[in-house]
Amino acid sequence: MASTYKIIDKAILSSSQASIEFTGLGSYSTTYTDLLLMISLRSDNGNYFDNLKITFNSNTTGYKYIAVGGNGSAAGSDVFTSDPADKIIGIINGDTATSNSFASGSIYIPNFSSSNYKSLSIETVNETNASSAYMRIASNMWSNTAAITSVKLQPYSGSNFLTGSSAYLYGIKNS
Amino acid sequence: MAATYEPIATTTLASATDIITFSSIPSTYTDLVLIGNPKLSGSLDYKWYVNGDGSSGLYSQTRLVGNGSSASSGRTTGANVLYINANTPASGSVQTFIMNFQNYANTNVYKTVLVRYNDAGSETAARVALWRNTNAITSISISTDSSTFAVGSMFTLYGIKAA
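Keeping their order, the protein sequence lines are chains A and B.
Everything in the first sequence is counted per the numbering used here, starting at 70 for the first residue and increasing by one.
Everything in the second sequence is counted per the numbering used here, starting at 5 for the first residue and increasing by one.
Isolated chain A, as found in the complex (with noise of 0.2 Å):
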């Protein structure tokens, strides 16, 4: 795509990681207005599902979530102020999940630079052929005036993201 839409970093792990973390973006400020990251992403959590969690600059404050989603017999919503599960942002695939699936989703960070809070668009599914699965959509919402310099993603139950397991950052240029 043009430079309006353009691949800053990615991650794609040959061994497992226990996060994956995108540094250095204080040098995009003035390239880019908005942040996508398209994550393709299992853990290594004892269960067919796992939460996928996010901190931004390494700081570990401010953040809050709010979700609405099925499981394929049940809608619900769920909120989240408190640590660590207001950094929640998504459902990830789990260890126990079809061999090879991998969950799905994207993360939408308009204006990572500017002072105002950060808020968060988010889509996470986590389809495995099985009598059941997930799909999210969400936000989540950093209450921080900090531009976004770092982005950090960890599962929220396992230990480590799997082997196959990806994330591509892409910087948006509104003009």
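Since the hints were made in silico from the structure, they are not lab data.
Just so it is clear, the structure is predicted and the values come from calculations on it, not from any experiment.
Careful, some of the hints might be misleading.
[Said to hold, decoys possible] Simulated coverage check for chain B against chain A, where a stretch passes if three residues somewhere in it have a Cβ under 8 Å from a Cβ of chain A: (1) 58-67; (2) 72-82; (3) 128-138.
No residue lacks a Cβ here, since even glycine has one placed at the ideal position from N, Cα and C.
Since the structure of chain A is already known, use the hints to place chain B on it.
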């Protein structure tokens, strides 16, 4: 890659306002994407309409909403405008919404709009809307019911080319 995703217009508010309008939208793209990142001066609801049409009753919408305790779905038909939010966000809060206008310049079809709305303090939602008019969309307006969008709010319209 090809230039398939291009900014058409953007505004970052230097002063508070109660309406944002993207006008004179060219018909040279296939789809439009509007990214909104408003900060609110007051506790307020906000809505959208196209081509200045805020009175024809030609809008309808289906929504899926989560408010943190329950999921719900509802419909709106025969509306003059459509709201982007269902639960009124707090004063000073920041939202993100993403609107996809499919096939916006095709004069043979009514216009479908997908809306993702995010306010981590009150609601996350997905909406699909229809404007029952075959005219090409040439302007898009986002307006508040009361109070204003605050300084620093950002709105950007992108065009996507299928070829």
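How the hints compare with the structure:
| no. | hint | verdict |
| --- | --- | --- |
| 1 | 58-67 | violated (count 0) |
| 2 | 72-82 | holds (count 4) |
| 3 | 128-138 | holds (count 3) |
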